[in-house]
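Now for the letters of each chain:
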Amino acid sequence: MDIKEIIKPENLVYKKTGLMTDNPLSYCPGCGHGTAHRLLMEVVDELGIVEDTIGVAPVGCSVLAYDFMNVDMQGAAHGRAPAVATGIKRCWPDKYVFTYQGDGDLAAIGTAETIHACNRGENITIIFINNGIYGMTGGQMAPTTLPGMRTTTSPYGREVEMMGNPLKITELIAQLPGVHYVTRHAVHTPRAVRKTKKAIFKAFEVQKEKKGLSFIEIVSNCNSGWKMEPVASNIWMEDNMFPFYELGDIKIDGQLVTK
Amino acid sequence: MKELRLMKGNEAIAEGAIRAGADAYFGYPITPQSEVMEYLMMEKPHERTGMVILQAESEVASINMLYGAAGTGKRVMTSSSSPGISLMQEGISYMAGAELPCVLVNVVRGGPGLGTIQPSQSDYFQTTKGGGHGDYRLLTLAPAYVQEMYDFAALGFELAFKYRTPVMIQADGLIGQMMEKVEIGDQAARFTEFDQSWATTGKKGRERNIITSLDLDPARQEQHNIHLQAKYADIVKAEVRFEEIQTEDAEYLFVAYGSSARISQKAMQLARAKGIKVGLFRPITLWPFPTEQIDAISKRVKGILTVEQSAGQMIEDVKLASQCRVQVEHFGRMGGMVPSPEEVLEALEQKLIGG
Ligand SMILES: Cc1ncc(C[n+]2csc(CCOP(=O)(O)OP(=O)(O)O)c2C)c(N)n1
Ligand code: SF4
Ligand SMILES: [Mg+2]
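In the order they appear, the protein sequences are chains A and B. Following the numbering used here, the numbering of the first sequence begins with 7 at its first residue and continues without gaps. Following the numbering used here, the numbering of the second sequence begins with 696 at its first residue and continues without gaps.
The hints are all genuine.
No more than 30 Å apart at the CA atoms, straight line, and that leaves these computed lysine-lysine pairs for DSS-like: (1) B/899 - A/204; (2) A/214 - A/22; (3) B/899 - A/208; (4) A/22 - B/898; (5) B/899 - A/21; (6) B/926 - B/899; (7) B/739 - A/217; (8) A/21 - B/898; (9) B/899 - A/214.
One-sided and incomplete, this derived list gives chain B residues near chain A with beta-carbon spacing under 7 Å: (10) 719; (11) 764; (12) 766; (13) 897; (14) 899; (15) 904.
Source of the hints: derived by calculation from the structure; they are not laboratory data. Just so it is clear, CB atoms sit at the ideal spot from N, CA and C, and this is done for glycine as well.
In isolation and in its complexed conformation, chain B is listed as follows (with noise of 0.2 Å):
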């Protein structure tokens, strides 16, 4: 029989990784996502599989000390909460660079600055249009159950190595906080199965090996990040990831991503219920983005309502998507406000049928 669990999505993540066979954790308390570390101290993963966990002096050690140890070939995660993210930006960069693999974890909090510890979802920009500095790409999955916390950190593992490029799994508050059910599934070996040829474990039998994400040679940093852009294109050809939810019949489409999504199905519900055929689109990449799904559904549809917890960030590439064929309006809360099914109907009546 499967093993089930009433968890918090913070959790889900942690137990998750553990079971994923991470090798490492690092990384720094910040609300809304400290249980993540909390939990894996608590179940002393180093003595269940050999985890090693590490509480480290700020985010911006915990996505070094991550570096180190992905350029050894290891299964490595770290959590954060939005301004822990715009910490880690720079060792981001560095990672995607030096072509490391790794799963972050962003529980989004309200912003800008220290802002709110309440959830938002205000760091899409900043994950999917590149918080750091160069030109890279955070391959990004957005959960919308406490399931895919716990799912995602298996799945972003193995996308991390098959890219070998750093993996985002953005949450919110919402989805880090809340308690659901979670099936549990086998651990796995700890020790990855990957190709580890590239990384630095000592030079044995083989030239040594480098990981650096510097080139001073302008003609060779230029193939380098050639070589990135095809791989960012492989990724777009193939890990994009959607729900669809009644969007066969519907006349208008709600496009949200994790919590947002959820709440927006109630929405949908009671749109139904009155007779209004709604259709929900639950982007679960955010980069790569399902351009091609929603340009699709936008030729049936007569209009899109983005719900965000933002000032609307998702709806520019809705709106690239679906090449302004028909009207695309944004409707969200920020600073840790959530919306309501009810205020997500209205907005729907206001702003598209009605207008």
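If we strip away everything but chain A, and leave its shape as in the complex, we get (with noise of 0.2 Å):
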């Protein structure tokens, strides 16, 4: 077969979504954030919604979420997605509003907006990408960075007695009554893609159905902030981040999952 033969509509197994840009992505190869934002505009693309979907990007690395989703977005100032997404949503509220967003913008800068708009149970979905480190600004610590864990502001590794304890604020959010949905997952592999994806239609469902706040992690790699080939910090990812980060449902219709 020539590669003519095989470039027919009846063999098509997989298409970029147009709700991605052709802009060319900023990250490091590698880095699992093009692959979180390629599957949330999947879902997008795929229910029918962007005319009525409107993003909240954060300060980190996905500050340019905007150059690559093809939806109407607003740039947060740093930590203050939720309050923004809170903001439009009010204003509009049968539009479909989401929060992409890193660890440190959720868990450690925009940690009282990130409670307040779940415990208000604002009716959006938060896409929490967790690297573990500050991607962006050189890989500083994060406050999800990991107990022993090198980072350039932990360079003998993070000292939890001096540091701080890693913060797992997704289960702690879960508590929150006015959270209808929260999951953690991946984006390493095929299959973690394919969960993962699951995910992000259901979230957008609950919105939908004005049930509340969802709230998916997606526990991912920095292989450039943690200093490592991409393949081996997906490798670190699964031995390190996974045992402390649990993959799978925390919170489904309400009610937390018990284990």
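With the hints as a guide, bring both chains together as one complex.
Here it is, written out as structure tokens:
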């Protein structure tokens, strides 16, 4: 078979969603951000809700998310995306509103906005990319950095006595009554990608039915910040991040999942 | 017949916002302006007009809720007092950078720090010289009457949308708390008739809209700054507002805004009763400052006394405007102390006439 025979409509197994722009991604090769972007846009595309979707980008590596996501978007100040999304959603209760935030953005500087938007049960979707580090600013310690993990501001490893414990904000917000759906996933394997996409679908369904806030944590790699090659970073993530940040559903239909 | 009501300044601005067709208010309680949100909650504007009211978890949250809502083309307002306005500065800078219209209200109290809950005017620098980062300006209206608290809500929205920029209504604790007669206007339509083609309302029949203050390309960011400066230059040309009282024959001039203007007006009457010809110049816009007008008057008078409830902040703009042509002195009280007309007159006599 030559290439012409292969490129036929009936052989099409995958197509880039039109809701990703053609701008080259600014992410490091191997980084999970790009995959997470694509899944989110695929879901918006497949649900046919692009005309009614407004996204909020954070400050972090995904600060330019609006360069890649082909939907109406606002760029929030560092950590304030849940407040920005609240302002949008309160004025347009029938639109779909999502935030896309890193761990420094959501769980350090923006903790108050995160907790309160969740507690009010804002009818929005939060996509939370936890890579255990401040990728954008060059790999400093994040609230989610694991004990012993080296970053530029914990060069000898995170010393819990001095620097505090990593924050499992996802478990914390799952306790809040306004939060309807909480789940933790990854995007480093095809299987993980499929599960994450399903979760994003569900989150937008929850929003459509006005049931409250849905929160999807994606544990992801920062191969540059972790100073590893992409494949090695994914293995390290499986060995170190997943035992601490356990994948799976944490809250479904407003009920905590008992394990 | 016109509807007249006896209202507090804080209530008047809340009613003014509802009547101006505001879409949303986000705020956090702080004395001496908590009546704004209290009044709004009592009035249930969500039932009256559909206006959204939300008590945020902090001023940081309220200004960012404002950002989000303003980015969708809505008429949005917040109010606070000095410490809360300090917390909002990052968000105000973002809104100026992203060119988002909104009305901000600062019912100023004494500082620095937690300071006092009593009236003050010591946030003049913060508001007019850019309390947040970057080269931006805040169009600032300074009400001196409860009626103006009411009127400036609508005016604030009009200017905010005309220039797509945040507008500050800078009152002080006295104007916020005192009660006066207010003439209430008709209810304006809530839906904004302004052009919303730039707003994020969902990508329908057009390319996507993006609201941001970020551009990492220095050449483009400079162009954006040049564009902002051109807009500010237009505002300086078109939006200076002021009031002059008995300045025609004045030998001395008080320059004062807000409650200090009311006190200075009384001091002016006391002075005139003693045969001292004093006039009053009241800046209504603190930025753009009425520079040309003060420049012109400074050619006719023997001296200028600025009266502010601060250590002397606006005096710098008055000195710049009058180009050191005449003696310019400051009289002020601080920490929540309100000057009396007698004190103001005494200051005039000591600092300018006797001096
Ligand atoms: C008020 C403020 N403080 C600090 C910064 C600098 N800053 C930019 S991104 C960032 C950390 C982002 O980390 P994270 O949210 O984990 O996103 P990642 O880059 O890892 O995806 C920091 C501290 C800023 N932009 N604004
Ligand atoms: S620095 Fe880390 S998070 Fe940022 S793009 Fe690179 S790998 Fe991804
Ligand atoms: Mg991170």
